[in-house]
Amino acid sequence: MSDLPIADYCVIACSDSWRDCGEVMISPFGSVPGLGARIAKSTHSPDIVLTDGEAALSFGIKPINARSDELVREAYVPYKSIFSVVWSGRRQIMMMASQVDQFGNQNISAIGPREKPKAQLVGVRGAPGNSLNHPTSYWVPDHNSRSFVAAVDVVCGVGNDRARGAGVGATRFHDLRVVVSNLGVFDFAGPDGSMKVRSLHPGVTIDQVRDATAFPLAGLDGEIAETRAPSEDEYALMQTLDPKGLRHKELPQQ
Amino acid sequence: MSKETTLSELVGEIESGMTIGIGGWGSRRKPMAVVRALCNSDVRDLTLVSYGGPDVGLLVKAGIVKKVVCGFVTLDSIALDPLWRQARQQGAVELMEVDEGMFFLGLQAAAWRMPFLPTRAGLGSSVLENTPAFKTVANPYNDGPFAIPGDVGAEFVAVPAINLDVAVVHVNIADENGNGMILGPDPFFDEQFLGAAQRRFVTAEKIVPAGTLTDHGPLERATIHRLLTDKVAATPNGAHFTSNPPDYNRDEVFQKMYTTAAKEEESWNAFVQQFLAGDETSYQQAVSEWRKAQ
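So the sequence lines, in the order shown, correspond to chains Y and P.
Heads up: the first sequence is residues 1 to 254, going by our numbering.
Heads up: the second sequence is residues 1001 to 1294, going by our numbering.
Treat the hints with caution; some may be incorrect.
[Unchecked claim] Cβ-to-Cβ under 8 Å is the rule here; a few derived chain Y residues that face chain P:
hint : residue
1    : Gln120
2    : Val122
3    : Val168
4    : Arg198
[Claimed, not checked] Simulated DEER-style distance windows between Cβ atoms:
hint : chain 1 : residue 1 : chain 2 : residue 2 : range
5    : Y       : Val72     : P       : Ile1148   : 35 to 41 Å
6    : P       : Pro1218   : Y       : Gly53     : 19 to 25 Å
7    : Y       : Gly203    : P       : Tyr1141   : 50 to 56 Å
8    : P       : Asp1279   : Y       : Gly53     : 42 to 48 Å
9    : P       : Asp1279   : Y       : Asn65     : 49 to 55 Å
Source of the hints: derived by calculation from the structure; they are not laboratory data.
These numbers were taken from a predicted model, which means no experiment stands behind them.
The beta carbon of each residue, even a glycine, is placed where N, CA and C say it ideally should be.
Chain P on its own, in the form it takes in the complex (with noise of 0.2 Å):
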């Protein structure tokens, strides 16, 4: 059964109080094509879990997300993402700080259905004493033929599961059955969103026929199957302004001119005005129209 449907439907799916997921990292093949859609929706109070990048800065920007789990925010070439610093410095927004590799812990946890997985990194940091929930596990193995013993009597951090009512990433191409391929130079964390999710979207740059896949690229980029998706929507340019190559990279111009208007509340509204009033076509109309007039 096609798994194919369209961006609207996929984002109607996401409701108010969720946990979603999003794909890529900083600003690195975002599902920006959903991240729009949502920040012209009605869902509010959203967890977002993210390797942070835009993504972060729009949909907190937009007033619909209550906390964000995140080892960072970026937009790489460009360090700092204006709208998301605002919102932390207005303290508009709940940040839950974790380690990028507990970050990749709790996802994979959730994925492999586990309360939890064990790791040394956030021992001793503020990450521990900022999220009090966290706990530390005893080494089980202080004595006996396992027993190693620079460790005996350590604690170690139990990254809790990150659980997600829903996960979103964007790949280069899809089929219909909803596996996915992704070409650009690393996958990311997509796979363990997807496995941490309960409702899981690909957005792709084209969608195939089922079985016909693989004409596009070798087998082993396409990492993400049809096991771990449920829809899967077509959204061309969906990733703009974040890179997606090998169909186009950053646009750093675009980029430039999103940090520069979110500057202040009157470039801002006049950028949202230009580009992000609309849906994803009158977005990608404008994108086009203003890349025509540079």
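Chain Y on its own, in the form it takes in the complex (with noise of 0.2 Å):
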């Protein structure tokens, strides 16, 4: 398949994200990694567990624009208790990231600085607490020098670095695994940990992503793979579980 719009690209590194995890909850946030979550689960990775963003486990695989009242329910799950879940590591997640560093630390509190942010955020929500109980990977649609920083602003979700800096207790199930963005697939076999190329969306060239990056990325030098089209099964996935084309709305318009 070619000529695919960009999000697809995306949708399928979602869900290679999540291959063979297993019997986990899967937390995606936005409607990107949400289908990549549904094809993962409706493919290679069936055990998934997905919720019904509000106190349940959701039973089989709906659209992601279905409503509340089309989903089947299978367990009860509240919030108290997405704890217990999230602290004994049966959950992976995606986050969005407003800034993210070469060591994969997360931003989502605010920009600038702390007494007088020039934007605030949502906040850490639970990013510091999932980051170091499970694996945990990030979304950032738009790619650019002020998404991909030298230094994030809040560290919400901890990096390799810093988790290095604050003992066992923070690396014992610290587990950053890929950061997917509208350019490319991006893991963390860098050195020290650091963010590395994993591979590029189709048309994206190596001086676009230096460009929108404001750190160094390992393994820009040497040979780079392409990031994988949906396969036709996936294709047809993706058209029923996205009916409307979410996904591609959640990027910026070429």
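Since each chain comes alone in its own frame, lean on the hints to assemble the complex.
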């Protein structure tokens, strides 16, 4: 398949990030990861557990735009009990990041000075605890030098350098997986657990990524893989599970 | 002895400088009648503790909040609350930011009369350095029968008890004895808020005679029991515009109007005049007139 929108590649990259994860809760933030999780569950990872976004485990696989009353609930998991899931490690998350840095520190709290931020965002939420307790990935729909920064303003999700600095209490279950952006897929296989290019989406150049990243990325020299396209089955699932094309609205206009 | 009281008497117990915990989560089942009454009271310098929604934006905008303890402020269907953003971006309010799980443990520690509870959550994040008073604790089990190899030598966050002067939660139905039933999908952390507080207030859509609460729903939904509560007041539609199913869903149109009005001082003043300037009765009347005009 060719000439597909970049969002479709991002969906597959998200889906692949959960390959063989087993029976764990997947918490995807955003339409692209949300669709990716449903495709993963429909194909290579059927044991994935999704929620209704409220207080229950959701049975089966429904489109990302399904109404609450269309969902089938299979167990009661109110907010309080989520910590038992998170802190036991039976979960993987893909959060969004307003800022992410070379070692995978993530910011969703605020941009600018602490006492008087330039932009107050949602807050740290559960990111500090999530990132220390189970596999964590990030989705950044707008990859540029203000989102891929040299240093984040507030460390919410904890990166590899900061986890190391906090000792074994922090590193024991800390497991950063990938960052999926509108330009490519990145992991943390670079020196000292730094960010490294895993693949670039079709049509994305090395210079483009370098200019859009405010820190040195590993893996830019040498051959770089292209993010794989969806298979025909996956593409068909995408149409069924995102009939309104919400995934395309999440990326900046090209 | 009946714990039933009125909204105004309940709010009258809240004093300047107090630390107030507010139940609910985001724009869900917030005790908004109490929030509105506080906005029109003469208390000052409150510390708010909340899984933040429009309660935080409104109280901060009213100028009666010194400090907010939270892990986020959101309106759910609208990601960010403009009043909260403005206040922060003007440097008008202090923030003690905690991880959502740290928050839960802080309330639980207070409810269990412990000075702290340990967790990994917070290690390595800015949460610790932004509140230098947060301390870590060394794993005491580095050897002996209880040692876990992977955690030998570990430091953990010692989340301090978040002690509250007052906690307020809103439920669907309560009885005169101060038992409460939450019929919506999630009890959130209301039990922990009440447990962490010196004075514990419940507002409810309606109050029924003692001994009849379970006529209105399954026993297991009566999660707010009388040992957690001091006073209970009826505030019909009192969580509006946040959600309180099955009584009502979030008033999305009203919430949108709130965020739009909040963008400019002039439109905000008009919103306050139309809805918030009077007491709870006039608020509910204004909302019902507004709805008829839609």
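Quick rundown of the hints versus the structure:
{"no.": "1", "hint": "Gln120", "in the structure": "holds, 4 Å"}
{"no.": "2", "hint": "Val122", "in the structure": "holds, 5 Å"}
{"no.": "3", "hint": "Val168", "in the structure": "holds, 5 Å"}
{"no.": "4", "hint": "Arg198", "in the structure": "violated, 24 Å"}
{"no.": "5", "hint": "Y:Val72 to P:Ile1148: 35 to 41 Å", "in the structure": "holds, 39 Å"}
{"no.": "6", "hint": "P:Pro1218 to Y:Gly53: 19 to 25 Å", "in the structure": "holds, 23 Å"}
{"no.": "7", "hint": "Y:Gly203 to P:Tyr1141: 50 to 56 Å", "in the structure": "holds, 54 Å"}
{"no.": "8", "hint": "P:Asp1279 to Y:Gly53: 42 to 48 Å", "in the structure": "violated, 36 Å"}
{"no.": "9", "hint": "P:Asp1279 to Y:Asn65: 49 to 55 Å", "in the structure": "violated, 41 Å"}
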